[in-house]
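4 protein chains.
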Amino acid sequence: MVSTEVEYVNKLDLEEPVMIEGLPGVGHIGKLAIDHLIDELDADKLVEIYSQYLPPQVLVDEEGNVDLAKIEIYGKETEDDVKDILMVSGDHQSVENKGHFEISEKILDVSEEFGVEKIFTLGGFATGEVVETPKVYGAVNDLSLKEILQEVDIKFKKRTPAGGIVGASGLLLGLGKKRGIKAACIMGETSGYMVDPVSSQAVLRTLSKVLGFEISLQELEERAEEVEEIISEIKKKTQQQQQKPQPSRDDLMYIG
Amino acid sequence: MVSTEVEYVNKLDLEEPVMIEGLPGVGHIGKLAIDHLIDELDADKLVEIYSQYLPPQVLVDEEGNVDLAKIEIYGKETEDDVKDILMVSGDHQSVENKGHFEISEKILDVSEEFGVEKIFTLGGFATGEVVETPKVYGAVNDLSLKEILQEVDIKFKKRTPAGGIVGASGLLLGLGKKRGIKAACIMGETSGYMVDPVSSQAVLRTLSKVLGFEISLQELEERAEEVEEIISEIKKKTQQQQQKPQPSRDDLMYIG
Amino acid sequence: MVSTEVEYVNKLDLEEPVMIEGLPGVGHIGKLAIDHLIDELDADKLVEIYSQYLPPQVLVDEEGNVDLAKIEIYGKETEDDVKDILMVSGDHQSVENKGHFEISEKILDVSEEFGVEKIFTLGGFATGEVVETPKVYGAVNDLSLKEILQEVDIKFKKRTPAGGIVGASGLLLGLGKKRGIKAACIMGETSGYMVDPVSSQAVLRTLSKVLGFEISLQELEERAEEVEEIISEIKKKTQQQQQKPQPSRDDLMYIG
Amino acid sequence: MVSTEVEYVNKLDLEEPVMIEGLPGVGHIGKLAIDHLIDELDADKLVEIYSQYLPPQVLVDEEGNVDLAKIEIYGKETEDDVKDILMVSGDHQSVENKGHFEISEKILDVSEEFGVEKIFTLGGFATGEVVETPKVYGAVNDLSLKEILQEVDIKFKKRTPAGGIVGASGLLLGLGKKRGIKAACIMGETSGYMVDPVSSQAVLRTLSKVLGFEISLQELEERAEEVEEIISEIKKKTQQQQQKPQPSRDDLMYIG
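Protein chains in written order, with this note's numbering: chain A, 1 to 256; chain B, 1 to 256; chain C, 1 to 256; chain D, 1 to 256.
Just chain A, same shape as in the assembly:
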């Protein structure tokens, strides 16, 4: 096994598709959006990417069946007047510096294999404060894309985000530029402290305008409510735990 392996698991004949990436990141905005989109479009898994730069673990599913941490790319043929779509999803990003580059290059290899015309990466833009009505910001690797995004009310702010765009959402633009693949990052404002399905919806709404087709957000709204419930449950548990006596150093002792 080489460090990072691409496996084509299903075939689908896509025409100059648009690739959309939503790996985990700030506020899980990209991940929530892409997983919703894959569900909503009932897309087919076409590619699996395994990497020694992903965490060394398996996840257990509903049946007790396990699977390696991996990145998956789904595809969907759409109606005639809308671009076909590839969607990049996963539970993890690389855990090492070099792995971020390697995994993004592999995703770009796949995009070239499918003749991808444009890439949109989805992410969050941490403001440090709770945002009621999140705005959506953009960054591009080719100024020709800026106009398209501005038309659907995506904002551009100089040198923003100040810390740059980290991980696959940034590298697909940066490394894509070197290969001549046009790419833009669409970022929803978010506090940066919590999973943010509200900002994720704002990003998806904007994306649907860019792509020119409707995306039902109902299920995502329900997810938002689920997440709200989980958060308040955890808050409750945390408060209960804070009221319990804490284990002493002796109780916690671990003999290796």
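Please keep in mind that the hints were generated in silico from the structure rather than gathered at the bench. All values derive from a computational prediction rather than experimental measurement. One should not assume that every hint holds.
[Stated by the list, open to error] For each label pair, taking beta carbons as the anchor points, the in silico distance ranges come out as:
(1) B/Q239 / D/E228: 28 to 36 Å
(2) D/E219 / C/Y8: 48 to 56 Å
(3) C/V82 / D/E228: 52 to 60 Å
(4) A/E15 / B/G163: 35 to 43 Å
(5) B/K11 / D/L143: 21 to 29 Å
(6) C/S216 / B/G163: 53 to 61 Å
Note that CB positions come from ideal geometry on N, CA and C, so glycine has one too.
Chains B, C and D: place on chain A using the hints.
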């Protein structure tokens, strides 16, 4: 020396053996179990795996003799109606992300060399609370194994453990699946704060039912008592130390 | 893509140029100096170095256009009696041990490509205390350079800085020595706690004497004032934030 | 440049020499000992080992001249009845796990090049308490060496040190064993909190009995006094600093 090296140190003619892995992990449940099994069966060491991903150190034995940190695989021919066994043991797992994958792949290479039919990995499942009568949980890389485990009262719980199964116990399932090797992880409930020979016994009892032969647990019970003694000794020392005056910053000063 | 890639983006016919390096480091002294020099000389970008050892991110410019983290080398033909100049700039150094070596070797490859005669690396020398009138210290990889530096009042102090010179400013001397390229490091005294444009000016003033041409420092003085303003703004914000109630652990909770 | 490079810088005709290693470690006992021995024997530098696993920095000498972090091997022809000696010294060990293995393998390559008959590694054995009269402990990679060490009153204690022997002092034994090179580690008791020239002298005294020649310890005793002085100076400064008002968070602010 390449990063990870497999050395076959003894020969033994095993027939479609079952491989059992018990490297260090949560509660040292797998390690306690496998080391007991190797002792109890008086198994022969067949393979040594050396790796630059293991800690850069030697361990000193009773005689003052040293040996590189390594992973060892022992083998045992059993009676006719029971599967032969390979047992994977060691004092360490990889210290780097990539090394976890490399070492697990090497263990799988060995399993293929011996025509292994099935792999069982042993581990702990941290609950965060002290567990009086530990239950035993399972996860599989092929649903056909689930039935076998459920027959001997191994529980399956969806998406559990929630954080996935980390290290060799997880990767042997995940990477094994890609090679078509069936594998299951058997996990004993444990607090996660201490070495847990009680939970280890529960895992071994279950394993003996899966394999269809008796394992005397007497020595492991004695070990459990030894561990209890060590723990209470350390507790005593810790308490004594906490009563001693602590060294000041000056005393601790280190000139590099 | 290999780990580190050198791209020659423009041509310029330079005659035995001097190379000056100013990557980020203590007090950002080198970086402030080199960026000022590139502006002041209106130099042309000749080389871009991309590396998987730089942070996995893109930076966003004034237009919302992104670019991979990279190291850039600019060039300038000067008047007849002054050496031509190559200038090494960037927003980052390697994030891994090995990458420091690899990137410095690549910079040395470029220096050989251009027939560089001498290298000057610019840096800061942390004293731990605020310095009103920063002195300038030197270190060399060939004693013949020491005299030249002492002539323009650069100080030499034995085994100083005590911790050695870390990163590209040190490695270009150390690795350069093995290739027979003469190199010196010019360090401005600085507290080590802040970006220090005053010490950066002291370094540039000294450098201009070494190179034998005038460098207008006006713009850098303005930058110094800008930095002062930014610092006092941040101080103000920090104080305001310290007066605000802090978010509780619940508010900060992040659901992954 | 490959990751680790061996350069033979001088020739010396040694007959089945003994190799002694003293890289930095617990209490700097090995380093103090080997540097003293090199001085005392007026040995010649024969080999330099450069590695991308050593810190990315240069050290500055008395003249302001810099040199890459490296490992050096010195040699000395001795009188007829005593074994010739190779001495391994340096200011650093590897900063990465894998590098420890790589550097130790390179040192073993050199030992084979010189037909080394035996290796002694020098180190410290941390007890956590101040030790007035340090004992000297041993560990071997071949039991035939144990007797030789016991004859000169080196102690052996089972499974000691409990945490194993980390770094080159351990790996030269472990990796040497696989090459059939006999090696022993000689460890002086030390608190583990300070550079310990007293324990270093104890180790050297023992070593001189093993090797069968006298080593004047005068200079090392003087060094011990120097170190004592440095320690008390630093203590004084630390106390003064603790009495000074500490810089506030604002003063320490760093603008990157």
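So, going through the hints one by one against the coordinates:
B/Q239 and D/E228 have their C-beta atoms about 35 Å apart, which keeps the hinted 28 to 36 Å range intact. At roughly 55 Å, the beta-carbon separation of D/E219 and C/Y8 lies within the given 48 to 56 Å, and the hint holds. Under the hint 52 to 60 Å, the C-beta atoms of C/V82 and D/E228, about 54 Å apart, fit the expected range. Between A/E15 and B/G163 the C-beta distance comes to about 41 Å, which sits within the given range of 35 to 43 Å.
Remark: the range hint 21 to 29 Å for B/K11 to D/L143 is upheld by a beta-carbon distance near 26 Å. About 59 Å separates the C-beta atoms of C/S216 and B/G163, a value consistent with the hinted range of 53 to 61 Å.
Consistency with the previously given hints is maintained throughout, with no hint failing.
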